[in-house]
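Participant: For the record, the sequence lines run as chains A and B.
All the letters of the first sequence, read from the start, carry residue numbers 324 to 444 under the working numbering.
All the letters of the second sequence, read from the start, carry residue numbers 324 to 444 under the working numbering.
Please keep in mind that the hints were generated in silico from the structure rather than gathered at the bench.
Do not take every clue at face value.
It does not matter which identical chain is meant; a pair holds if it fits inside one copy or across any two.
DMTMM-like, lysine to aspartate or glutamate: derived pairs with alpha carbons at most 20 Å apart [stated by the list, open to error]:
id : residue 1 : residue 2
1  : LYS402    : GLU435
2  : LYS369    : GLU414
3  : LYS332    : ASP431
4  : LYS325    : GLU435
5  : LYS325    : GLU370
6  : LYS378    : GLU331
7  : LYS332    : GLU394
8  : LYS332    : GLU435
9  : LYS325    : GLU440
10 : LYS332    : GLU390
11 : LYS332    : GLU412
12 : LYS359    : ASP387
13 : LYS359    : GLU412
14 : LYS424    : GLU370
15 : LYS378    : GLU435
Number of protein chains: 2
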Amino acid sequence: MKPINILEKFSYLNSYWHPHQVARVDNMQVLLARIKGEFVWHKHEKEDELFQVIKGTLYMQYRDRTEVVQEGEFIVVPKGVEHCPATAEGEEVLLLLFERKSTSHTGDIKHELTKTEYPKI
Amino acid sequence: MKPINILEKFSYLNSYWHPHQVARVDNMQVLLARIKGEFVWHKHEKEDELFQVIKGTLYMQYRDRTEVVQEGEFIVVPKGVEHCPATAEGEEVLLLLFERKSTSHTGDIKHELTKTEYPKI
């Protein structure tokens, strides 16, 4: 019930590709993630996923193309669609995600980047 | 699956207090709303509601206090909590909302501002 300042909350994030939970809305969660480089190809069989760019430029790679998502834009990756988020080389990007609480980090894939816990901040 | 530019989408909104739907994420929807003045006191018995301020300052009135939500901030109003969004006098505020598709505009209240349809843009 209190305002949450998105940029301020990023000060809690000290590593890349590790989402932190800042709020819950019914069965969904709001996550923040600091990313740099390329993630891992994966899909979520049952969940859509929204990525809003707070700072920088997100390259959302699909198997047949890449969508460029700028600051002030968001993109929804539908369930079942393989995707791999990435940034320009060496660029840090700040993301806000909306997704179900049940959504697993790397979907159908297990990877060294996979996180099973999202700290609440 | 394509990027959505939040500010650009506001050009479709020609009236106040009439949310338009820009995306769906599972059982939730992303709405944009242009607001000015004071809305109507209401609550949603079964749904939480997230308000992100894209431009301006939102005054989220609760019965016991008012929270000031600035650009770059968001606030979640939990289900069952009476609220009345407002702006400073004469100020236009741009909001992004995240809520269930089933959430009715003015909750438990019928009012001349109540909208039953949200255009998809």
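Participant: It remains to establish, for every hint, whether it holds in the given structure.
Facilitator: Status of each hint after checking the structure:
1. LYS402 to GLU435: Classified as neither: same-chain Cα gap 23 Å, cross-chain 38 Å, threshold 20 Å.
2. LYS369 to GLU414: For LYS369 and GLU414, the Cα distance exceeds 20 Å both inside one copy (31 Å) and across copies (41 Å).
3. LYS332 to ASP431: neither (29 Å within a copy, 34 Å between copies)
4. LYS325 to GLU435: For LYS325 and GLU435, the Cα distance exceeds 20 Å both inside one copy (35 Å) and across copies (29 Å).
5. LYS325 to GLU370: Cα proximity of LYS325 and GLU370: across copies only (17 Å, versus 28 Å in one copy).
6. LYS378 to GLU331: both (13 Å within a copy, 18 Å between copies)
7. LYS332 to GLU394: The answer is both: 17 Å in one copy and 14 Å across copies each meet 20 Å.
8. LYS332 to GLU435: The answer is neither: 25 Å in one copy and 38 Å across copies each exceed 20 Å.
9. LYS325 to GLU440: neither (24 Å within a copy, 29 Å between copies)
10. LYS332 to GLU390: Cα proximity of LYS332 and GLU390: across copies only (18 Å, versus 27 Å in one copy).
11. LYS332 to GLU412: neither (24 Å within a copy, 30 Å between copies)
12. LYS359 to ASP387: neither (22 Å within a copy, 43 Å between copies)
13. LYS359 to GLU412: within (8 Å within a copy, 42 Å between copies)
14. LYS424 to GLU370: This pair counts as both: shortest intra-copy Cα distance 10 Å, inter-copy 16 Å.
15. LYS378 to GLU435: Neither: 25 Å inside a chain and 39 Å across chains, both beyond 20 Å.
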